[in-house]
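Participant: One letter stands for each residue in the lines below.
There are 2 protein chains.
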Amino acid sequence: MQRNRQIILKSHVQGIPKESDFAIIEGGIPDLANGEFLIQNLYFSLEPAIRGWLEGKEAYFPPIPINGVVRGPTVGRVITSNNAHFHEGDIVFALNRWEDFSVCDDNTILLEKLTIHGNTPLSYYVGPLGGSGTTAYVGLHEIGHISSGQTVVVSAAAGATGSMVGQIAKLRGCKVIGIVGSDEKANSIVNELGMDAAINYKTCPDLASAVLELAPENVDVYFDNVGGPILDAMLTTMKIQGRIICCGMISDYNRTDNPNPITNLWQVVAKQLTMKGFLLHYYHNEIPAARKQLATWIADGKITVSEDITTGIAQTPAAFRRLMSGSTSGKALVEIDLV
Amino acid sequence: MQRNRQIILKSHVQGIPKESDFAIIEGGIPDLANGEFLIQNLYFSLEPAIRGWLEGKEAYFPPIPINGVVRGPTVGRVITSNNAHFHEGDIVFALNRWEDFSVCDDNTILLEKLTIHGNTPLSYYVGPLGGSGTTAYVGLHEIGHISSGQTVVVSAAAGATGSMVGQIAKLRGCKVIGIVGSDEKANSIVNELGMDAAINYKTCPDLASAVLELAPENVDVYFDNVGGPILDAMLTTMKIQGRIICCGMISDYNRTDNPNPITNLWQVVAKQLTMKGFLLHYYHNEIPAARKQLATWIADGKITVSEDITTGIAQTPAAFRRLMSGSTSGKALVEIDLV
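Chains A and B, in that order, are what the protein sequence lines are.
Read the first sequence against my numbering and you will find it ends at 350, with the numbers running on by one and no gaps.
Read the second sequence against my numbering and you will find it ends at 350, with the numbers running on by one and no gaps.
All clues stand as given, with none of them false.
Identical copies carry no separate label here, and so any pair may be met within one copy or between two of them.
Once the Cα atoms are required to be at most 30 Å apart in a straight line, the calculated DSS-like pairs of lysine-lysine come out as:
hint	residue 1	residue 2
1	Lys21	Lys282
2	Lys282	Lys250
3	Lys303	Lys282
4	Lys282	Lys68
5	Lys124	Lys282
What the hints contain is simulated information worked out from the structure, not anything from laboratory work.
As the structure is a prediction and not an experimental result, all values here were calculated from the model.
Pulled out of the complex, with its shape left as it was, chain A reads as follows (with noise of 0.2 Å):
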């Protein structure tokens, strides 16, 4: 059988990860059992979330333990399987771990048989296609409810998820802010991806009243990635009746003692705001839909497509780090070096 390289946590992680927490190492690959099979792994899938899994706590899933392979979404494609469901060449999509080889069955979280839609690149169905462009669509439409005329603010509006939120945003007719970390990201956001207007939070010594000075009318809907002070700033911005979708708290990911404390909570009564807490995988049912029409979009250049793409698996511990420190614009992933 081939080699399997695998990447392991060594440490449990503290703040931004290293690329000491982590170390490659060279596994095997099980037999396949009856129901099971094996794919090889073509791209992972770099998300804030694996930031909860290495230290030694639950976060959705259990901790990812010491010495144990770091689990990851990924996109591979079916070698051998004693799955009647599944076929040599099939490419899937799941939660499997950061290997070259990962053994499924019909159990594996977030399995999902992908049909590629005419010449779309592979990295697409991690990114736009993938987890980050349904999470956006889906958390815009269900929870964001949003329509034409409305007023979107999105944070980390240069990320893989953000960038989507901004483009589905103003594809639906809604005047679109987004919050980033960088002059560079305001420039791209504004310039290449179409939204109306950009705040660089770091660099903006009031985040409230610069959103209030671009949205003097009040924020119907902010898709929130980050959590924190921002959170914090926006939730005086709202609308009554606003809808805050909580996508993600990023901010705290790298802290998760030490959260950063919210004082302005008390808007949720005073507006009558609804704050969500957001999951896709309990919207499974609208996922094919949002799929269907975001690749329309993509194929129709209504959308443009932003990734960070790493190649190697060997720096896969690098550019996680890169993630977790803002520095990446677009969907982070890494392209693996067959072996």
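Assemble chain B onto chain A, guided by the hints.
Facilitator: Okay, now just chain B, sitting in the frame of chain A:
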């Protein structure tokens, strides 16, 4: 014309209201314009929301100016009318002012002509059949989506709204835990109101652990009347997809410049919680059915009415101070000594 005693604001309130923040004067009664009618107030409903209007800042409604008559919900009887829909003797609920006589018209906020069920005391229409009871009923059903077998926690459980929340949830077959601020209230909500368990947060070293000990299954619905540290603790006790009804944040009303920080908001994402701020007037279509069900339960002896009645308009500031310092039980109201 008769004298019209009025309670005015003498100085902006800081912290817990003091009696010296108010004064009683004798004001006039304007002549009625076309469409107006005059009511003699019978009861004042004392509510934490009034606190928000006393410090010169906007809170749902404009602030009450210095020397302005304090705004508050009342139940009164129509004395004279230039309005075709309201007649002498009608009993009305409305957002009026702390005064003997108020002038209303069709645009008076919260204005409602009351239908009195049988021999029900009029005072019930400011409490269990008024805003407190209907808030509890509508919040539990429309936002909480309660059903039999669920676990419900309510804070300020001995208060006007909380005492109704606990009893309604019990009548719907839920397990109910009430959070209160004294052992006396803890005894009362279990032994007199029939809740399953009570926690005195002032003597409880770890509120979240105490809740989880009583509810190892975790909490489906938290009806939040207080915000602050109790809300922060409750965020860690919720079930996946749990609902938090944000009805009030009284813990911050006396300290609006320095609100309590919330550090567990991450749970909203991790547990996919819904937090929804809630003001009754947005659900006005649901109120008649709620009031009808509550009146039936009260007539059948299935709900115990808990009132804290102060007699005499001049005692209103003292009664309001007692409400805002947490020393009342049940619905706090003033029965006016008629002039």
